[in-house]
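Chain order of the listed sequences is A and B. So the first sequence is numbered by the working numbering: it starts at 1 and just counts up by one. So the second sequence is numbered by the working numbering: it starts at 1 and just counts up by one.
Hints are all accurate, no fakes.
With a straight-line cut-off of 27 Å between C-alpha atoms, the simulated DSS-like cross-links for lysine-lysine are:
1. K194(A) with K278(A)
2. K29(A) with K278(A)
3. K128(B) with K278(A)
4. K47(A) with K147(B)
5. K84(A) with K73(A)
6. K118(A) with K29(A)
7. K29(A) with K128(B)
8. K52(B) with K278(A)
9. K118(A) with K52(B)
The set of hints was computed from the structure by calculation and includes no laboratory data.
Here are the chains, one letter per residue:
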Amino acid sequence: MTPAANQQWTAVVTQKKPLFDVPFREIWKYRDLIYQFVRRDLVTQHKQTVLGPVWFFVQPIISSVVMTVVFGKIANLPTNETPKFLFYLSGVTIWYYFSAVLSKTSNTFSGNAHLFTKIYFPRLSVPIAQSFVAMWHFCIQFLIFLGFYLYFLIAGYPIEASYRVVIIPFLILQAGLLGMGCGCLISAFTTRFKDLQMAVAPGIQLWMYASCIFFPRSMVPPGYQWVMLLNPVVSIVEAFRFAMMGKGEVEIWQWLVSVGITLVIFFLGIIEFGRAEKNFADTI
Amino acid sequence: MLAISVENLSKLYRLGTLDRKVLWKEAASWLGFQKSRKDSPEDEKEDFWALKDISFEIQEGQTVGIIGANGAGKSTLLKILSRITAPTSGTVRINGRIGSLLEVGTGFNPEMTGRENVYLNGAIQGMKRPEINAKFDDIVSFAGVEKFIDTPVKRYSSGMYVRLAFSVAAFLESEILIVDEVLSVGDQQFQNRCIQRLQDIIGDGRTVLFVSHGAGQIRKLCTRVICLRRGEILCDGEANSSLEIYQASLREGLLRETKQNSAAEVRFETGREPGDDVVKLLSCRLVDGSGNAIQHTLTSTRFFLEFEYEVFRAGYPLRPACIASDELGNILFWTGDTTRKAENAAPGKYTAKLEFPERLFSQGKLSFTFGVGEDAESGYSHALASDALGLLVEDDLNDREIRGAYRGPLPGFVRPQLHWQTQKN
Numbered sequence: 001m002t003p004a005a006n007q008q009w010t011a012v013v014t015q016k017k018p019l020f021d022v023p024f025r026e027i028w029k030y031r032d033l034i035y036q037f038v039r040r041d042l043v044t045q046h047k048q049t050v051l052g053p054v055w056f057f058v059q060p061i062i063s064s065v066v067m068t069v070v071f072g073k074i075a076n077l078p079t080n081e082t083p084k085f086l087f088y089l090s091g092v093t094i095w096y097y098f099s100a101v102l103s104k105t106s107n108t109f110s111g112n113a114h115l116f117t118k119i120y121f122p123r124l125s126v127p128i129a130q131s132f133v134a135m136w137h138f139c140i141q142f143l144i145f146l147g148f149y150l151y152f153l154i155a156g157y158p159i160e161a162s163y164r165v166v167i168i169p170f171l172i173l174q175a176g177l178l179g180m181g182c183g184c185l186i187s188a189f190t191t192r193f194k195d196l197q198m199a200v201a202p203g204i205q206l207w208m209y210a211s212c213i214f215f216p217r218s219m220v221p222p223g224y225q226w227v228m229l230l231n232p233v234v235s236i237v238e239a240f241r242f243a244m245m246g247k248g249e250v251e252i253w254q255w256l257v258s259v260g261i262t263l264v265i266f267f268l269g270i271i272e273f274g275r276a277e278k279n280f281a282d283t284i
Numbered sequence: 001m002l003a004i005s006v007e008n009l010s011k012l013y014r015l016g017t018l019d020r021k022v023l024w025k026e027a028a029s030w031l032g033f034q035k036s037r038k039d040s041p042e043d044e045k046e047d048f049w050a051l052k053d054i055s056f057e058i059q060e061g062q063t064v065g066i067i068g069a070n071g072a073g074k075s076t077l078l079k080i081l082s083r084i085t086a087p088t089s090g091t092v093r094i095n096g097r098i099g100s101l102l103e104v105g106t107g108f109n110p111e112m113t114g115r116e117n118v119y120l121n122g123a124i125q126g127m128k129r130p131e132i133n134a135k136f137d138d139i140v141s142f143a144g145v146e147k148f149i150d151t152p153v154k155r156y157s158s159g160m161y162v163r164l165a166f167s168v169a170a171f172l173e174s175e176i177l178i179v180d181e182v183l184s185v186g187d188q189q190f191q192n193r194c195i196q197r198l199q200d201i202i203g204d205g206r207t208v209l210f211v212s213h214g215a216g217q218i219r220k221l222c223t224r225v226i227c228l229r230r231g232e233i234l235c236d237g238e239a240n241s242s243l244e245i246y247q248a249s250l251r252e253g254l255l256r257e258t259k260q261n262s263a264a265e266v267r268f269e270t271g272r273e274p275g276d277d278v279v280k281l282l283s284c285r286l287v288d289g290s291g292n293a294i295q296h297t298l299t300s301t302r303f304f305l306e307f308e309y310e311v312f313r314a315g316y317p318l319r320p321a322c323i324a325s326d327e328l329g330n331i332l333f334w335t336g337d338t339t340r341k342a343e344n345a346a347p348g349k350y351t352a353k354l355e356f357p358e359r360l361f362s363q364g365k366l367s368f369t370f371g372v373g374e375d376a377e378s379g380y381s382h383a384l385a386s387d388a389l390g391l392l393v394e395d396d397l398n399d400r401e402i403r404g405a406y407r408g409p410l411p412g413f414v415r416p417q418l419h420w421q422t423q424k425n
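Chain B extracted, bound-state conformation (with noise of 0.2 Å):
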């Protein structure tokens, strides 16, 4: 039996903004007024196709990953799945509820109680009452939040509010499931729960599609990878080597994309700034010695991440940290602010900065989540960013101090300058 089955899919979104003269047109022609509302060869250059005519088959009971760069089309192909929006052209057939971990926490009222919000978001979910019921302690258990059930939502601490709306989700009893990375949700030990529910709900034979950019999870989930790029599947096929492809078509397509795309500096909409009501992030760049925005640099060079963050409550030990990654997602290091004494910030703006000296990375892309969490035991992340910056590091052939006279290729994901001592005995 087959969970899904997507055939020549195609999702086209139109590009630019919907303005007035835009509007008017098509009121006009809505109205009689205007004959023709076929689009002018010159809009079609704003067109965009999310995905490309793909096609592809899920078995039920299979555990799929689906891998791709930002702008690979993943989340469009998850909106269609999860029917938040239909295809361009092309056929989706879904056999079972879908269930998603993608979005939890929707439609949470703060002023209901959480015993009031479960039977809602469950009912969202498109579970049944008695569904609901049967799971009911469950949910509640797996959250921690027993003493607090009836309690309004808006009295919560940020991590139970998330707690509780994983929880609702994570029990639904849906035949297919969506995850995205959200195992990042709450302490560790939660995410450890997480984990380990979602390793239940694999081996209970139910379709779960994972959906990642990072190699790491999924390989350890999966067993069948699907790898989009660019609105195409490049590669579907057993897990292994379908990672094996698309990291290898990463490296390829790494100098040219990081060129044009990486975005050097970045002001978060307003209202959609990562963090919660203790701290929101503004913006973030990456700067060169002399502060101009840079989007590649060399490994003889130093740079800066700088990013401005908002706090609005006081009474929270804050700290702004960085994790740096290579372009796989593997974590190189973690780095935080821990010259400030991390006391109860006050409300405010703050301009964080780092620097990495020179000769630090070797070459490769580079990819920065930063974001102000608690300097605590919990060590709760309060706004985040993830992989919100990129920088491409490029060799620097001619850095004799490190290289010496070879011009060739080097290994590895960093490249310290480190004191040797070699003598002749």
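Excised from the complex, chain A in its bound form (with noise of 0.2 Å):
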């Protein structure tokens, strides 16, 4: 009974399936969604808030604020000479940003529970859509950070501009690959196992005290350096620090391993994704 081989088809659906099947296509044909789901979460973010987006100007600045005077000025944490306030806001600016994706797209199965058992369409792009939000916050919060940063820069401070700040778009792809793919492989194993949830965000706060926010990457004992290596967060944040002042502890080695390890754990994380997508209806 099989003309049926003969025949183009736009869906084949079986259980077999090659390990790594991104459907990258389907995924652009759906890009109207992709825009609809960012749509949604910008506009429903500040429905019945006072100050609406002005909170996210006031996080990172508060933020900064209290680093600077518990870790500068109480605990006198070295900044690597560049204004204290500055070091802080520009590790909290794309800390932001890369714990935002994480912890967005990690909610992805279980925040998304209602919509897929009920309906399909690509599953990715919901994790893609979610990047994109935290992408957009992180553009607002950058241009609070560019604002600080001329200020320090006009008045004088010892900060460096250059042509460095051409790798900064890459550094942001990094942040988001990292974090997305994280958040997959989260999102991937809760279906499962409803534990891991409750670990991502002490897991995230956990991630930040070892990833060189608060202070630079000279002051780790050399004996922990190699942890400082496995982390691919410390590297992004020194690279941007790097190329924002001029003053930061990376060498282009180090950001190669950190943009090796960024790649495996995307990779892995869409293909945990793409597995758990399958069977999540019935192990939900």
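With the hints as a guide, bring both chains together as one complex.
The structure is reproduced here in structure tokens:
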């Protein structure tokens, strides 16, 4: 009974699937959906709040002020000779972006169960949309950073602007891929082990402490430098600082290791995500 | 050209819950503490094949009915066809975009306006922006919400909400459309428009899958019917002959199935109770004269339908009502509680109890649909449990009151004891 084989099909559904099967073309077809998801999040986020998007300005500034006081003034940690406030603000800005992508995407399956069990669309469009939302927030926060940066630059603080900023888009992309990869991995495993969901928030906090957000890499004792190497965020943060201010502690090879780890995590995340998506409706 | 081809499709479900022990085992095997992930033989007892080796093909432009009792595998088949879940084995090939009128309003965001939701929901269904632009006015006027299109949908009445959701799905330009018995959406006027719309779609030469467990609408709309029974294809062919086989099998399996499977008492799962923000149904049962839950009874015995509901918002003239139907979905009658003044019901829990007197039904399987609606001109239903309870009525062969000395079968849906006057002239 198989004239079936001689025909063009838009979709073939089986249990067997190649290990790495990302429906890029389908996701592209559903790009309007990604746009609508992004729009939904941006539109509904600030309904019924008084300050609305102002919160995005408040968050990193408050954190940085607190860090400047606690770590900079009281604990007196060094900041690569750059202005303390700018040092913390740069770390916080890129960290918030990374952690936002991670925490939003790690919730993909459990947060969208009502959608996923009822209608089909390429599931990856949800984490992709979430990453864009986080990226939009990052853009706003980056503008604030730029504002302070220009102030410190003009005021003559020892920071150095240079052509190195061209690397920044790549760092942002890398942080996004890393966050999405981790998020996809976690959300894939949460379909079976809901424990992970509980671990995300404390996990992100721990990770922040290990990511050179409020101390420079040089402060880490030599015996623990390998941890810094294994943590891809460290190189992103330090490279970001280096590109913006001319002071940061990262070698090219360290950054390349970080890029390598990022790509591995990203593809692992997408593979596990694809596996979880197939039988999600039955295991939730 | 084929629209759908299904080859040797099977779907296995594991019964039982995922408890901690199972999860620990699995986690341990992932981490390499435990070697085998093979299931032990005892686990296999809990396997349930929702679909067993099903094959069929559907030509482009066909209107095919899929029929089967509850648990026959209809929903599983639909879930696989609409790619929500993957099959355990077998292959499904689909040519064209599949749209579904199964889950209207999925992904509606209450904070967003009607307009924004049309675009969001359209995109979820796979429509592109220009397509939605082209259909937008049709969608809005079909739903009849022109005036409120820029209002957040959380301010909509539940009727408006459902109508708008349905309209988006109804105007989706998919090559294949899956329709459940959704046509119970909105008021009568809107339902008529829905059926009209569906007939237009069929007339356009699009492929339509119509899913139901009642024969009524399927016979009207479909040329071919596939019947499922316990995960297998019972018959597949021209509508009328297929439906005949289906009905015969129902009658045959009636007694056995009812005695085993029908629920005597249903407590709706928290969060899944039928109803809206005004009324929700909590539980229901069929009981005999002494209050025991029953699954079967005799023609000569009276019984009661009881259900509990909770009113959350005051200001609605609410009344409980019930529809009794036979195993084929033919409605025998409707009855509503007109004894209570259906004024604005105060919030709180209520129990409705409906008595069916002895000698009302004849033998057969009954199915009860009940709920709480408005005692108003529109008669809007706030909470409805469709076919939630079933009852097997067995013929009481010793019921002399009605049968006299005769012990053979008697025809008919009802068996009322009527008043005879016969005299010798």
